[in-house]
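A.B. asks: Below, each chain spelled out in residue letters.
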Amino acid sequence: MAASLPLPWARSAIPWVTTVARLVLGGVLIAAGALKIGNPADSVVAVKAYQLLPESIAVAVGYALPIVEIVVGVLLVVGLLTRVAAVIAALLMFAFVFGIGWAWANGLRIDCGCFGGGGQLGVGQEPAYLLDILRDFGLVLLGAWAVRFPPGRFALDGALGLGGDTHDDDEGDH
Amino acid sequence: MSKGERTKTKSQSARDKIKAQQAAQRARDKRRKTVTYVTAGAVAVAAVGLGVWYAASISRSEEATGALAPVTVQPDGTAVMAQSGVTAPVVDIYEDFQCPACKELERVSGQTFKNLAAEGKAKVVYHPITIFSQEPTKSNSVRAGNAARCVADGKQWLAFHDLLFKNQPSETEEGFKVDQLKQWGKDAGVSSPDFDQCVTSNKNAEAHLAYSKKISDEQKLDHTPTVKLNGTEIDNQVLFSPSQLRDEITGAAK
Chain A
1 MAASLPLPWA RSAIPWVTTV ARLVLGGVLI AAGALKIGNP ADSVVAVKAY QLLPESIAVA
61 VGYALPIVEI VVGVLLVVGL LTRVAAVIAA LLMFAFVFGI GWAWANGLRI DCGCFGGGGQ
121 LGVGQEPAYL LDILRDFGLV LLGAWAVRFP PGRFALDGAL GLGGDTHDDD EGDH
Chain B
1 MSKGERTKTK SQSARDKIKA QQAAQRARDK RRKTVTYVTA GAVAVAAVGL GVWYAASISR
61 SEEATGALAP VTVQPDGTAV MAQSGVTAPV VDIYEDFQCP ACKELERVSG QTFKNLAAEG
121 KAKVVYHPIT IFSQEPTKSN SVRAGNAARC VADGKQWLAF HDLLFKNQPS ETEEGFKVDQ
181 LKQWGKDAGV SSPDFDQCVT SNKNAEAHLA YSKKISDEQK LDHTPTVKLN GTEIDNQVLF
241 SPSQLRDEIT GAAK
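Those protein sequences? They're chains A and B, same order as listed. Heads up: the first sequence runs through residues 1 to 174, numbered per UniProt numbering. Heads up: the second sequence runs through residues 1 to 254, numbered per UniProt numbering.
Please note: incorrect hints may appear among the correct ones.
Not close to chain A: a few residues of chain B, all C-beta gaps over 10 Å, as computed [what the hints assert, rightly or not]: (1) Asp29; (2) Ala47; (3) Tyr54; (4) Ala88; (5) Val125; (6) Glu171; (7) Ser201; (8) Asn202; (9) Asp217; (10) Glu248; (11) Gly251.
Now the in silico label distances, taken between C-beta atoms and shown as ranges [claimed, not checked]: (12) Gly27(A) <-> Glu206(B): 49 to 55 Å; (13) Ala128(A) <-> Gln197(B): 43 to 49 Å; (14) Gln22(B) <-> Ile57(A): 50 to 56 Å; (15) Leu131(A) <-> Ser84(B): 21 to 27 Å; (16) Ala10(A) <-> Ala56(B): 43 to 49 Å; (17) Ala34(A) <-> Glu174(B): 36 to 42 Å; (18) Ala128(A) <-> Gln183(B): 35 to 41 Å; (19) Gln197(B) <-> Ser56(A): 36 to 42 Å; (20) Val17(A) <-> Val45(B): 24 to 30 Å; (21) Arg148(A) <-> Lys213(B): 57 to 63 Å; (22) Ala159(A) <-> Ala14(B): 28 to 34 Å.
Now the stretches of chain B that chain A is said to cover, found in silico as 3 or more residues with beta-carbon under 8 Å [to be verified]: (23) 36-46; (24) 96-105.
If you are wondering where the hints come from, they were derived from the structure by calculation, not from laboratory data. Using N, Cα and C, we set each Cβ at its ideal position, and we do this for glycine too.
Extracted from the complex, chain A is given alone in its bound form (with noise of 0.2 Å):
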């Protein structure tokens, strides 16, 4: 009796962390993706800062990464496509996790470009590598949650019928 009690109470509380999920990965993604747009620039600068990708291509995920970024962040805040936006998003996030742990490994003392600017740190400015890492590995998990337990509460998935576990009509179904 006692031991089942939790259960339901979990069940229901499900769709609700995977809202909290969206909200905060998609709003993160947002704020980065939006600091980031008006100067492309400074994007490009920052991915090249990693060394991990030959030039052509560091240019072009430069462009793409702001816009890519708010979409998708759009996407899982409205609760749209909820599924493959979170795979997205927690594959990106995992990209700069990779990132992050190979500019530590090979000693490249860079800003992560994670919120706009990037590139090289000036002097007396130390990379806070463990803090991206920890913050971006936490944001994977969260995408993670989403991928397995979309589209959550308040989800234009939901209020369409679009796919996932848990939208309303599902529960009703015999």
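Once you've looked at the hints, dock chain B against the given chain A.
C.D. replies: Just chain B now, with coordinates in the frame of chain A:
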């Protein structure tokens, strides 16, 4: 008995009908969902495409329009690019051969400066400086700065300057090595007879560092690239958008 059977048959067919209706409804729903899903996906992809196109278009570089304006190397190590008689507006470019953002500036807006000078719409002054204070970037930058000072001819200087940015080394390792600098000098057509010796001896290193310090103090430079239009710094956003940059500089000429 028979009455009960009739009712059963009747309700059976009614149930079949309902079932068929439900199946049709489900098929419609499924189609509607697919259409909604595909539409939303297409809109998202289109938004991304539009954003990339926009980013690429604001940083689209100008094409070379013809011959360069004459370039003169000054005794202080700067190089002036202007048509004869053009003295304003003055565009001062403070850049470090080792700085990635400077390389990006040259990639995106370098041609705009050259075109404006060629069109007689601006006097462009290149100030190569060393902004780095840590190794290996500092020594890389100083070697490159020294080598540029070894070039006397303006046209060759600019070609060498472009090659240095094009071949900018990583910030984590020794680069702009003496042999490389000599080779790029050859590629740029440098004809100064003592160029190789000048590069090897690094003889302008002190003058270069002294100028870097002096001009950085005077102009209060804390980052490269810094580009000033008649003494006022041009905003980064404008700087990296060739068409806006052109408007800003030609606007100052009026």
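A.B. asks: Indicate, hint by hint, whether the structure satisfies it.
C.D. replies: Against the structure, the hints come out as follows:
no.: 1; hint: Asp29; verdict: violated, 7 Å
no.: 2; hint: Ala47; verdict: violated, 5 Å
no.: 3; hint: Tyr54; verdict: violated, 8 Å
no.: 4; hint: Ala88; verdict: holds, 27 Å
no.: 5; hint: Val125; verdict: holds, 22 Å
no.: 6; hint: Glu171; verdict: violated, 6 Å
no.: 7; hint: Ser201; verdict: holds, 29 Å
no.: 8; hint: Asn202; verdict: holds, 23 Å
no.: 9; hint: Asp217; verdict: holds, 16 Å
no.: 10; hint: Glu248; verdict: holds, 15 Å
no.: 11; hint: Gly251; verdict: holds, 21 Å
no.: 12; hint: Gly27(A) <-> Glu206(B): 49 to 55 Å; verdict: holds, 52 Å
no.: 13; hint: Ala128(A) <-> Gln197(B): 43 to 49 Å; verdict: holds, 46 Å
no.: 14; hint: Gln22(B) <-> Ile57(A): 50 to 56 Å; verdict: holds, 51 Å
no.: 15; hint: Leu131(A) <-> Ser84(B): 21 to 27 Å; verdict: violated, 56 Å
no.: 16; hint: Ala10(A) <-> Ala56(B): 43 to 49 Å; verdict: holds, 48 Å
no.: 17; hint: Ala34(A) <-> Glu174(B): 36 to 42 Å; verdict: holds, 39 Å
no.: 18; hint: Ala128(A) <-> Gln183(B): 35 to 41 Å; verdict: holds, 39 Å
no.: 19; hint: Gln197(B) <-> Ser56(A): 36 to 42 Å; verdict: holds, 37 Å
no.: 20; hint: Val17(A) <-> Val45(B): 24 to 30 Å; verdict: holds, 29 Å
no.: 21; hint: Arg148(A) <-> Lys213(B): 57 to 63 Å; verdict: holds, 58 Å
no.: 22; hint: Ala159(A) <-> Ala14(B): 28 to 34 Å; verdict: holds, 33 Å
no.: 23; hint: 36-46; verdict: holds (count 5)
no.: 24; hint: 96-105; verdict: holds (count 5)
Checked against the numbered hints listed earlier, the structure breaks hints 1, 2, 3, 6 and 15; every other hint is satisfied.
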